[in-house]
Amino acid sequence: GAGVSQSPSNKVTEKGKDVELRCDPISGHTALYWYRQSLGQGLEFLIYFQGNSAPDKSGLPSDRFSAERTGGSVSTLTIQRTQQEDSAVYLCASSSTTTGSEQYFGPGTRLTVT
Amino acid sequence: KQEVTQIPAALSVPEGENLVLNCSFTDSAIYNLQWFRQDPGKGLTSLLLIQSSQREQTSGRLNASLDKSSGRSTLYIAASQPGDSATYLCAVNGNQFYFGTGTSLTVIP
Numbered sequence: 005g006a007g008v009s010q011s012p013s014n015k016v017t018e019k020g021k022d023v024e025l026r027c028d029p030i031s032g033h034t035a036l037y038w039y040r041q042s043l044g045q046g047l048e049f050l051i052y053f054q055g056n057s058a059p060d061k062s063g064l065p066s067d068r069f070s071a072e073r074t075g076g077s078v079s080t081l082t083i084q085r086t087q088q089e090d091s092a093v094y095l096c097a098s099s100s101t102t103t104g105s106e107q108y109f110g111p112g113t114r115l116t117v118t
Numbered sequence: 428k429q430e431v432t433q434i435p436a437a438l439s440v441p442e443g444e445n446l447v448l449n450c451s452f453t454d455s456a457i458y459n460l461q462w463f464r465q466d467p468g469k470g471l472t473s474l475l476l477i478q479s480s481q482r483e484q485t486s487g488r489l490n491a492s493l494d495k496s497s498g499r500s501t502l503y504i505a506a507s508q509p510g511d512s513a514t515y516l517c518a519v520n521g522n523q524f525y526f527g528t529g530t531s532l533t534v535i536p
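Going line by line, the protein sequences match chains A and B.
Numbering-wise (this note's numbering), the first sequence opens with residue 5 and increments by one.
Numbering-wise (this note's numbering), the second sequence opens with residue 428 and increments by one.
Just so you know, nobody snuck in bad clues.
Computed beta-carbon distance windows for the label pairs:
id	chain 1	residue 1	chain 2	residue 2	range
1	B	Val447	A	Gly20	44 to 52 angstroms
2	A	Leu43	B	Ser486	27 to 35 angstroms
3	A	Gln84	B	Ser486	36 to 44 angstroms
4	A	Val16	B	Thr472	21 to 29 angstroms
5	A	Lys61	B	Gln508	36 to 44 angstroms
6	B	Asn449	A	Thr118	34 to 42 angstroms
7	B	Thr453	A	Pro59	17 to 25 angstroms
8	B	Thr533	A	Glu106	24 to 32 angstroms
9	B	Gly487	A	Gln87	41 to 49 angstroms
Note that these hints are calculated values from the structure, not bench results.
Think of the CB as a built atom: it goes at the ideal place given N, C-alpha and C, for glycine as much as any other residue.
Could you put the whole structure together from the sequences, leaning on the hints where they help?
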């Protein structure tokens with residue numbers, strides 16, 4: 005079956021603009037995760053969803069970052085008033101549950117803020 | 428907060444060698460541990476998932492072990508091949524997934 009997909013694959017935006025990143029999880033997966041990977045850095049947890057609710061938003065770097073998930077499926081990560089330090093690869097993953105099950109990752113969205 | 432450490436940060440071996448990658452974590456209250464590989468410019472590919480009640484998992488030339496009480500996992504790669512060159516990441520699942528910074532492996536033909 006289809007894996008996790010993300011769009012766009014690449015996004016170049018000017019500082020100060022808003023961007024929206026999209027993640028389509030594997031069908032039937034109730035858990036969805038967002039991570040950020042900066043150049044040469046490890047994966048930084050941003051937020052996860054169980055269904056449509058986000059029990060843990062502790063990883064969001066600032067109030068410019070928000071995420072939502074509707075219908076227990078597609079999720080969007082929005083970054084407002086982008087800054088150069090937001091440049092990174094944004095990875096999405098899904099799993100059938102939040103405990104005990106395997107995570108499957110999408111290919112990521114490479115965001116460049118100029 | 429859970430901290431995950433991977434040693435070494437980089438490793439270079441000749442083709443055919445067996446090798447071990449290490450992952451340690453500070454909080455043993457985990458549901459499972461997952462090993463991934465990441466190729467340059469790509470997403471993460473899952474290699475092995477070990478549940479907290481298990482001690483090891485095997486897939487082909489890969490064997491992963493878990494010692495939850497000591498906070499350690501190892502990924503053993505047998506008869507390494509140039510195609511194994513990638514960054515290997517371990518992630519522990521507590522209430523969220525915590526990732527190590529990875530081991531960059533180069534297998535020299």
